[in-house]
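Participant: Sequence:
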Amino acid sequence: MKAVLSSLIVFLISFVGIAGPKRELRGVWVATVQNLDWPSPGNYNGITQKEEFISLVNSHHQTGINAVFVQVRVASDALYAKSQEPWANIFRGLQGQAPIPYFDPLEFMIQESHNRGIEFHAWLNLNRANLSTKTLLSSEHIARKHPEWLLLYNGQHIFNFGLPEVRNYINSVVRNLVKNYNVDGIHFDDYFYPYPSAKSKILDQEAFEKYKIGDEKIEDWRRRNIDMLIQQIAETIKEEKPKVKFGISPFGIYRHQSPTYPEGSPTKKGLQSYSDLFADTEKWVKEGWVDYLAPQLYWPTNHGVAPFGPLLNWWTEHSYDRPIYAGIGAYHLTDSWNVGEMIKQLELTRSHPKSQGSIYFRSKILTNNTKKLRDTLRNDFFRQIALVPTMPWIDSIPPTAPHQVSLSKKEGDWTLTWKSGEPPVDQDPVAYYVVYHFKKTDVDPLEQSEHIIYKGKNTNLVIPSNLMRSGYGFAITAFDRLHNESIPGTIQWVVPVEEEGKKIVK
Numbered sequence: 000m001k002a003v004l005s006s007l008i009v010f011l012i013s014f015v016g017i018a019g020p021k022r023e024l025r026g027v028w029v030a031t032v033q034n035l036d037w038p039s040p041g042n043y044n045g046i047t048q049k050e051e052f053i054s055l056v057n058s059h060h061q062t063g064i065n066a067v068f069v070q071v072r073v074a075s076d077a078l079y080a081k082s083q084e085p086w087a088n089i090f091r092g093l094q095g096q097a098p099i100p101y102f103d104p105l106e107f108m109i110q111e112s113h114n115r116g117i118e119f120h121a122w123l124n125l126n127r128a129n130l131s132t133k134t135l136l137s138s139e140h141i142a143r144k145h146p147e148w149l150l151l152y153n154g155q156h157i158f159n160f161g162l163p164e165v166r167n168y169i170n171s172v173v174r175n176l177v178k179n180y181n182v183d184g185i186h187f188d189d190y191f192y193p194y195p196s197a198k199s200k201i202l203d204q205e206a207f208e209k210y211k212i213g214d215e216k217i218e219d220w221r222r223r224n225i226d227m228l229i230q231q232i233a234e235t236i237k238e239e240k241p242k243v244k245f246g247i248s249p250f251g252i253y254r255h256q257s258p259t260y261p262e263g264s265p266t267k268k269g270l271q272s273y274s275d276l277f278a279d280t281e282k283w284v285k286e287g288w289v290d291y292l293a294p295q296l297y298w299p300t301n302h303g304v305a306p307f308g309p310l311l312n313w314w315t316e317h318s319y320d321r322p323i324y325a326g327i328g329a330y331h332l333t334d335s336w337n338v339g340e341m342i343k344q345l346e347l348t349r350s351h352p353k354s355q356g357s358i359y360f361r362s363k364i365l366t367n368n369t370k371k372l373r374d375t376l377r378n379d380f381f382r383q384i385a386l387v388p389t390m391p392w393i394d395s396i397p398p399t400a401p402h403q404v405s406l407s408k409k410e411g412d413w414t415l416t417w418k419s420g421e422p423p424v425d426q427d428p429v430a431y432y433v434v435y436h437f438k439k440t441d442v443d444p445l446e447q448s449e450h451i452i453y454k455g456k457n458t459n460l461v462i463p464s465n466l467m468r469s470g471y472g473f474a475i476t477a478f479d480r481l482h483n484e485s486i487p488g489t490i491q492w493v494v495p496v497e498e499e500g501k502k503i504v505k
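Under numbering that gives the first Met the number 0, the sequence shown has 89 at position 90, and the numbering climbs by one with no breaks.
These aren't lab readings, by the way, just hints derived from the structure by calculation.
Where is the CB? At the ideal position from N, CA and C, for every residue including glycine.
Keep in mind that the hints are not guaranteed to be accurate.
[To be verified] Ranges of calculated distance between the beta carbons of each label pair, as one might list FRET restraints: (1) L445 to K371: 30 to 36 Å; (2) E50 to D425: 46 to 52 Å; (3) N337 to P100: 41 to 47 Å; (4) S407 to K371: 52 to 58 Å; (5) K371 to L151: 40 to 46 Å; (6) H302 to V442: 38 to 44 Å; (7) W492 to D334: 51 to 57 Å.
[To be verified] Calculated cross-link-like contacts (lysine to aspartate or glutamate; reagent style EDC-like; alpha-carbon spacing at most 16 Å): (8) K237 to D275; (9) K216 to E262; (10) K242 to D441; (11) K282 to D219; (12) K282 to E239; (13) K237 to D394; (14) K200 to E139; (15) K285 to E239; (16) K285 to E316; (17) K456 to D427; (18) K81 to E139; (19) K178 to E239; (20) K198 to D219; (21) K454 to E484; (22) K371 to D334.
Taking the hints into account, I'd like the entire structure generated from these sequences.
Facilitator: Here it is, written out as structure tokens:
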């Protein structure tokens, strides 16, 4: 069974439930910090660590998830072998020790995700050097090598983004990861400058005095530091692998509406990404440095200060033609929320074309089926296959159409077969195929998710007998890595029963 799952991406479904959009990002964050989602606490065996991830990704695949955002750098450590930073302590209990039996977790997770047609985004924390100053650190850790790069804040060491050498170092971490691993995207969360704390101050005055421009205020200088870092990383990703996506998951409030900023969100209270974390996310999408934003909209629809719907409206209206994926706080199902709140948020997300999907925090809420959320998604909202939205500014060239398409009967089974077309202009190989099943009278059947019966790498498909009905046909299209879709190959129509044995009408 495992061999079958590892070699195929297969969906073959019956059509019931709520019809969703054909294209929709359905993501989930997999948190590894403190073993929240993977691997489980105390599991220091490489074999069972792999088994746990296979179980995790299988569950998400069955739910209809098409992208995972896995935390691979928690605090200047690594969940991957090809890194200048030490191994994370989650594998052996101590930092700097590789898994036993040895394996490269990132290579493994990418392959297992791709085998199931799921995008893999490497999620890195930007600012943390350690979770606590009491953490036992490897001799190779950055806090041991370059303590002068770090600031003490609220019991942790964080990076001083005002230092060019710090920005260059973080950029080198990203370059190394993109160069050595087949990731679909690089992803940062909301940890830029730290969240305000009454117990601590950011002691970066020395760097500010050294690197400020003119009479620049320290707040503007901090924002400029993060701007430079984001731009630098964006350029590095495009230099190494132009088709790797780059996205940010910022705090859910950018700036409040005010006389000085009338374009702000309809909020008056609460932390602001722009002024408190010094993250000018609107600038990043406007400049085209990032390919998407996934704002953390972790409040209910009826929240008195920061309601989900109006904030989602604001983000989509300030997207500058880049997709917004709503970050959904599914973890609240462990306290006061119910699945009805999740349904409201999903429906609101689908009502905004520029939102293009959602990402759930976090993995265990879905795999544990907390308050039946997983069942609700599988049985209703995610019942049909959804394809990942395209990003034409990265790649807009589709594959060529499949050819030599045929529908034939052998030993009682009808089989649809095809071959890949000629290489397209950009030479991108086919990543997967999609098969549609529809009536002759259907309008634009290739634009509707309910007509998709298969997504996978195979070039043949045994057709269930209940789909072999007169007046119906099958169309096959090819997709590349960035989910650009070809025109269909020759449509194969089902002939009336009395005409079986004759040449199939095309």
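Participant: Hint numbers the structure violates, sorted upward?
Facilitator: 2, 4, 8, 9, 10, 12, 14, 15 and 20
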